[in-house]
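Visitor: As a plain string of letters, each chain reads:
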Amino acid sequence: GNSVTQMEGPVTLSEEAFLTINCTYTATGYPSLFWYVQYPGEGLQLLLKATKADDKGSNKGFEATYRKETTSFHLEKGSVQVSDSAVYFCALSDLSGGSNYKLTFGKGTLLTVNP
Amino acid sequence: ETGVTQTPRHLVMGMTNKKSLKCEQHLGHNAMYWYKQSAKKPLELMFVYNFKEQTENNSVPSRFSPECPNSSHLFLHLHTLQPEDSALYLCASSQPMGLNTEAFFGQGTRLTVV
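Chains S and H, in that order, give the protein sequences.
For the first sequence, this note's numbering begins at 1 and goes up steadily by one.
For the second sequence, this note's numbering begins at 116 and goes up steadily by one.
Just so you know, these hints were derived from the structure itself, not from any lab.
Fair warning: there could be bad hints in the mix.
A short, non-exhaustive set of chain S residues, derived as facing chain H with CB atoms under 10 Å [what the hints assert, rightly or not]:
1) G106
2) K107
3) N114
Here the structure is a predicted model, which means the values were calculated and not measured.
Even glycine gets a Cβ: it sits at the ideal position worked out from N, Cα and C.
Given the sequences, and given the hints that come with them, work out the whole structure.
Guide: Next comes the structure, spelled out in structure tokens:
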């Protein structure tokens with residue numbers, strides 16, 4: 001079956017620090033990969049996505065590159081801000097049960113950025 | 116604002132109560148989902164509806180009963196819940212799920228079963 005493993009956290013950083021949140025996956029097919037973000041008291045929002053190997057998704061200064069050879073999709077940002085404090089979820093979309101596409105999520109990583 | 120609205124935002128209910136969660140979207144999507152988010156666990160997909168038809172039920176106990184009267188509305192009817200059912204229940208919608216499909220989530224209903 002499909003699965004997503006991401007670093008457990010919590011991650012605590014100072015403002016302007018470099019961020020990496022690791023994500024690896026297993027999938028039966030050739031999935032698309034996503035990062036979702038959940039700000040306090042909110043639902044999940046799509047942050048970025050990549051649909052094929054070597055694609056780089058980017059948004060709001062965050063980046064992630066689809067690495068098929070290492071089955072990874074690590075999230076990075078060069079300089080985090082207090083407003084980036086949130087829970088980050090790695091996810092994949094792949095066929096499940098032969099005919100239905102399904103989103104599979106990791107457990108989420110809580111990021112806290114201190115001023 | 117994602118275009119998916121859930122009510123109520125918070126709900127406290129006793130184990131013998133019956134209540135319903137409501138989800139509404141006007142994004143023109145034809146697929147709607149219920150997810151359960153518990154502390155320290157991955158997001159759990161509960162139900163999927165495509166074009167008002169239930170296409171997935173992930174072995175959810177019968178005390179959770181979904182209803183999808185049209186493509187814009189989704190309900191989750193709750194009865195005789197257990198304290199371990201306390202969680203954040205998230206609704207999402209999308210075009211029918213494909214490889215690149217993005218799901219749009221509501222803000223969730225924080226449910227506490229006492």
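Visitor: If a hint holds in the structure, say so; if it doesn't, say that too.
Guide: Verification of the supplied hints:
For S/G106, the shortest C-beta to C-beta distance to chain H is roughly 6 Å, which falls under 10 Å, so the interface hint holds. For the restraint placing S/K107 at the interface with chain H, the shortest Cβ-Cβ distance is roughly 5 Å, inside the 10 Å limit, so the hint holds. Given hint, S/N114 at the interface with chain H, is violated; its Cβ is 23 Å from that chain's nearest Cβ, farther than 10 Å.
In summary, the one numbered hint that this structure violates is 3.
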